[in-house]
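Trainee: Listed here are the chains, written in short residue letters.
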Amino acid sequence: MQWTINGQVREAEVDFRTSLLDLLREQFQLSGTKKGCNQGACGACTVLVDGERINACLALAVQYQGRTITTVEGLAENGTLHPVQAAFIEHDGFQCGYCTPGQLCSAVGMIGELERDHPSAVTADLAANGIEWNRDELRERMSGNLCRCGAYNGIADAIAAGLAKELGEELGEELDEELGEEIAR
Amino acid sequence: MSALDKERSGDNQPAGVALAGDYWRPEGGPDPLSEKGRIGIGAPLSRVDGAEKVTGSARFAGEFTFEGMVYAALVYSAIANGRILNIDRREAEAMGGVVLVMTHENAPRLNTPPVFLRSPNGAAGDDHPIMQTDRVHWNGQPVALVLAETQEQADAAAESIRVDYAAEPAMTDFELAKTHARRPDNVLGGPAEITVGDADAAFEAAAHQIDATYTTPRHNHNAIEPHALTLVWTTGDGDESGREGETLRIHDASQCVDLAVASLAEVFGIETSQIHITSPFVGGGFGGKALWQHQILAAAAAKLADRPVRLALSREGVYRVVGGRACTEQRVALGADEQGRLQALIHSGIAAMTQHNNLPEPFFQATKCLYAADHIRLSIDVADMQMLANTFMRAPGESVGSFALESALDELADQLGMDPLELRRRNEPERDPTSGLAFSSRHLLEAARSGAERFGWSERSATPASRHEGEWQIGLGCATATYPYIRMPGAAARITLTPDGATVGIAAHEMGMGTATVQTQVAAARLGLPVEKIAFHYGDSHLAGSVLAGGSQQTAAIGGAVIAAQRALVAELLALVGQDSPLSGLSPDEIECRNEGLGAIGNGSRFETYAQILARAGQSELSVQADAAGSEELANWSMHSFGTIFCEAGVNSVTGEVRIRRLLGSFDCGRILNTKTATSQFRGGMIMGLGLALMEETLFDPRSGRVMNPSLADYHVPVQMDVPEIEVMWTDIPDPHTPMGAHGIGEIGITGVGAAVANAVYNASGKRIRDLPITLDKLL
Ligand code: FES
Ligand code: FES
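In the order they appear, the protein sequences are chains Z and U. Just so we're aligned, residue 1 is where the first sequence starts under my numbering, counting upward by one. Just so we're aligned, residue 1 is where the second sequence starts under my numbering, counting upward by one.
Next comes chain U alone, as it looks inside the complex (with noise of 0.2 Å):
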């Protein structure tokens, strides 16, 4: 029986919900959704957009259309750097269907994009004017842009298009930038040097020394759904002239609806209010659906054509226009006694960025946390690049940091004769060792400890090459899987009370992560209402609040804003019950919302449900809206969820393929709030993490800057063949300083897979692969 039959049935009658107090404060208590046993909570829903997007009924940005709305193609520059000298249009222009031809010559003035995590508005990816100029910065920057009757006319037009450069020196070579790397004045608005004692003074003097280079190469997002969007311009009712009533409407596929307006309305000079996106499903996103030079390219163009647009990236376009993640090249090193005890931590290195955005790659975050070593230097270096913006991509830092780590962690242990595991164990913190900060919940051990018994650790050979079937040989390998808990600031939720339910709104982001299926959850149980008379709406800009579907932070973020939204709810209906309502005189910390309705808690005889409030208060509804509190948990703990991944992996002899054989992930994540979609969660990013370990790589030419690989046929991704059945389990230990005890899980995923892979392989074929992606010539 599932848990919504469980509900229906009403054998298991929900129990009251009391407020949660605050959860982030060192004296607060736990979020009482955190308990064990919630009715709901963690239980194994299907999706509610299940069947929308079984049917075919759930529509994408790219499906809507407009009256008169016209398509949009994209002309890419070819030099990396340079200036243009000619654009010939005439062809374009006289071909059947074409309404515009826009390049820098006409495009109408637009002002730069603030760019993320620069500006408290920014979801651009770089600085760059946009159309404005003659400058070309990157190669495949748009040139030109053709808007026609159908797209079958403007991709013709597009291609019709000659373009003259006058071309320039460009920095295309990492070699080279390398040697001219700087120091960032930050990372992630944090330090780009992180130092505890004398590191390189204590790896000098230490028993034990492992010193390697890792390097990782580009990745790109790949979701399945290439970036598109359809918009509108408007003129409001009544206005004929015209400025002031000016909308945009937009359907974007976005994972930041509020911060794309904001970005937007700066570039357009208008205000915020003059624009509405909404994104109710995104085909995957995985950090490439901010904001990009297409989305403001468009919305120009249908400006000046005054037809509505739709642009859908071509799979070429999304690897010309959307970044990607950073190159990076890392160095590990590690000293350590007898006892495998660490007494230096060294992970610094260089990443390939541009002066026009802010993303280091952020590859020493997981050693931030890990590991109680005596003495820790972390930094991060960039080689500056003429080329498209890297930007975040799943798992940022943590999943090509980790690589590097743990593949030295098993190196350390190899060279001490010691289990990985152990060597792991010996080196775990009390508290976390470059801050100081007491963890807020941390039970890796337990996690390391009840994956290696289920995935059966204790039959791996400590000698590497020493099993074989056939021409395969079978090795084992572990690595320790870790991303941060994050709650930014922004979140808030409005709820709507009628007698038939609730509606939760929150300008927050549904991208295949479960968001609207856990959180209709998460509302029902803490209203106290099943699951179908909740609808959770989002993906839209009007909504309340600002959530970035980034960070793994969603499920916190709104959990916090529905936190403070449900008190509001309760103080506000506590003030519509009269003097004849048994609830009367009660505060809301004497309450709990419980079947449908609000009680005493302690009290079974004083309740009234939420229609019975409403009815005698003559109201239809009542609807509230709150601002989550500030996340000073932050400051309070160090945050982190952590797990440990087991693979086994199959390396053939003679062909040097790389077959995975099996593969186990064992997190700890605070409370799971959907067993079902957790699994999906963990499976998908461990998947990322596969790819990133044996196939992922996109090509850069050093020469022209050019990506050489923009399409799915020459960019591998895993495929279900590459795939086994993925294990995962989890600790369930709720953490005490978080809504729900939850911790978001969409990226710690692919953390730690990439070195668990590379030291199942070291085991099975005595072979250290330093260099990602772990491809059969590096074996041979």
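Excised from the complex, chain Z in its bound form (with noise of 0.2 Å):
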């Protein structure tokens, strides 16, 4: 069985009931991964498959053979944290640290929702060209990602930083202004 993790195609063969979870920790040691509830409660296991977010719990390895899965460990470049990952350090997004590489794969994550313009349920006009990208949205979205710490300020706060600055980059300066206003409360 093959799966293509952070860039490298790794190789394992595993029970049938091992879950993509199961295979990045125990496997692959890619611990990053948290498990917190092992049962889709939590989002502790977010990672990224072909860049959308899922709960790895609930997800079988051999279910996801031949995807394209990026976990915590691969959001960094170069050894360059991410944006979110470097603004979660300055607005202290974080306390224990376990719900973490869950908050930040799903961050990343909605990056595409927003290109997609999937909506959610604090959208106020679903017919409309595009989303609102704005705080409640935003806090809606990581609704599934539970802290226990109660990081969520800085979490929300860490999120609308470096998505500023991600979308800033990725779409032009413009909209990092725009965002940069709207998001930061």
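Keep in mind the hints are simulated off the structure, nothing from the lab. Since the structure is predicted, the reported quantities are computational estimates derived from the model, not experimental observations. A virtual CB, placed ideally from N, CA and C, is assigned to each residue, including glycine. Mixed in with the good hints, there may be bad ones.
Unchecked claim - Residues from chain Z that keep clear of chain U, each with C-beta distances beyond 12 Å, as calculated:
1) 51
2) 132
3) 166
As the list claims (entries may be wrong) - Here are a few chain U residues that face chain Z, going by a calculated C-beta distance under 8 Å:
4) 55
5) 58
6) 226
7) 283
What the hints assert, rightly or not - Covered stretches of chain U (in silico footprint by chain Z; criterion: 3 or more residues with CB under 8 Å from a CB of chain Z, positions within the stretch not fixed):
8) 42-52
9) 147-158
10) 686-693
11) 705-718
Join the two chains into one complex using the hints; note that each chain is given alone, in its own frame.
Mentor: Here you go:
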């Protein structure tokens, strides 16, 4: 069986019962991805599969063969932290750090949702072209990632700052400013 | 510019720090580090372990591996009381990869662990024998353990095990257990009843009376990291036959590494020197990560199978094996005169407990120090139940006790037609109302005043249910927060100085509170070194001292130990300097640490760097260890942190849903050491307080004694969308009698929040909810 994980092709033979989460943690020693409940309730195991966020504890390893998976260990590029990672440190987006990898992957996954115009429960105008990206959209979309330490304010600040930077680079300076104002409360 | 940059750029040379004197004595002076404007103290330094935590390289206890390691799974009892008749393990033993099935029939002989707060070595939650007999003591008790080559194999085998029981009647109904309540022999080592004057008579005679019952449910800590450990037994080199050189190496998620070592040594009948526990990262603790059966069972199974073991509790497993907060039923009776002055204050009630642990949920703690009533009666009774032992959870006592007390104050204010803050102001005591001691530092009124101003408290309508926005009713509420300052005995620190900086080692813990970061800052400031030249080591039972991460005591305990070690270090350095040194002839009390070295106080030219002193003495390092001074301050003063919580709640008049729109905490907790991590600590506590107020409840089936919602899907904790932008502020007035002038702040945040929310809900809707959590069904 084969997966592309953080840019590397990895191979292993695993029990069909093995979750994607246990594949990462136990087979490949990628223990950055956390197990908080193993039943889809906490988001600690969030990883990106072909850019979309999923709960790795609810996914079977066999089912994801051949897919491209990014874990927290793969967010930084060439030793440079992803803007959201750096912003988590600056804005104190964690305390114990156990929910953090899931929060980070979840946050990065939101960029794709923005680009694909996926609405959320708080999207005011479903018919509108494009989603008005604001702090409530961010908070609603991050509500699947529990943080018992209660770092939620710091997490929201960090993601707002990090996404503004990330999207600014991708979509141009203009958006950077708009987003910066809109998201940073 | 961050504080770190400032230090780096050198445009703000740290001033010297003299050695701290006897801050714990009335005649002793305050710790010099508590003075305003100390470089680095209060700086919003980002966490020193931040990079590891955001890249996934921080390794938690269940992420270590040993060669030949096997995985464990537990089977939990399905009855609350009775005997195991038979355990059918045949299918499990025949399954692929299974290495061992351990039950009471084949478990190694283990001594019963010493219980927390009952024995000096006690870290265990209860005193039941562990897999030694056929007795079942609670619904969920581990009755079998499976080891297998993979977790999948262990889990499948555990599921195949069939257990037959002979069930016996069990006391699992709190309502029934209450009718046999008893007075415990102590509450946290103090009396279970405290009286000042005759509160019952004074209450009867009072012009204004509030007499109400408040109930709070069971809670579980629910740290996002479930309890996990990886361990191995090894025999020392060259010792073939074994026993003597046997050591137990454990990676655990622990808030008490030394206490756990001491308890495990008793259980296995070995020396403490044979056990080594490390716990550098803990994925949240909140009181739940001490010693429970899973660690002992994992070590026993590893011994039996002669294999290293990883045991990671499932989320359900945590609910079955690790105790939580007990439920309480509290009566608060307030008698006041026309001016709102309290003549009688009664706070009594019953908490669930077992006969096998020693923690009556101490809900009267906050009431001991808060208000100047003429007559006071406080008491706690316990209702013995057959259940998993309850334990400490963030602000045991104050969290649920302040809900009752502060709700009652609000009810009294309402009856008097008085502003709730004014009522509290009128009852502000001069001295501790129950101990009679002077307060070491109490600026509650200042915290309340500044918080009220910032929050816009004056906009509150005194008439409930008078403010609407569409279908939402809006209300404001407030409550007092408080938590004691303590500093437990046992702390010691080792400072190792080299020409490149200093290492501070102490067996303390970092579970996200910011300990490592804050103590790095403090050590840097104290030794006159930049923060990047300090390495703070913790979470290792081999390190100096024994510091429990509990009771919000770590900041002070570590601070006191480092103060003692600094004095020892300076004395040794002075002993090293020769005749030629500019420091020659000076005594420690004439010295201050500054600019990476020692200098004479008030004399800029008498100075040498640490590197110079070491070089002159021909030493590459100097290492000293010292014990913290005894915590005499606790006998000299009444020492507490204070605060006022302000809440704006919206209650949906159609659905009964409650949304918290604004939340502010204004705290008086001595000197704040790192504004960034402190903000997070306060907010984290307040968010757990929102959970307590609105959603958290461990559902305990009174018929079976089983926890029915052992999952994060069914036990609700606040999520991102439940939490508004929380404002926190503080007086930053140092306590003259504590290290750094600081108080620990890990627990005060949760206190008062339950009542602030309930009071805001009342102000919004006119409905007084005295039964937590305030779910929408109670508002319809
Ligand atoms: S571990 Fe996957 S959602 Fe909790
Ligand atoms: S930082 Fe501890 S659970 Fe989020």
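Trainee: So, for every hint listed, does it hold in this structure?
Mentor: Hint by hint, here is what the structure shows:
1. 51: Label holds. Min Cβ-Cβ 19 Å, cutoff 12 Å.
2. 132: holds, 17 Å
3. 166: holds, 15 Å
4. 55: holds, 6 Å
5. 58: Since the shortest Cβ distance to chain Z is 6 Å, the answer is holds.
6. 226: holds, 7 Å
7. 283: At 3 Å from the nearest chain Z Cβ, residue 283 of chain U passes the 8 Å test, so the hint holds.
8. 42-52: With 6 residues closer than 8 Å to chain Z, the segment 42-52 of chain U meets the three-residue bar; holds.
9. 147-158: holds (count 5)
10. 686-693: Result for this restraint: holds, n = 3.
11. 705-718: holds (count 5)
In this structure, none of the earlier numbered hints is contradicted; all agree with it.
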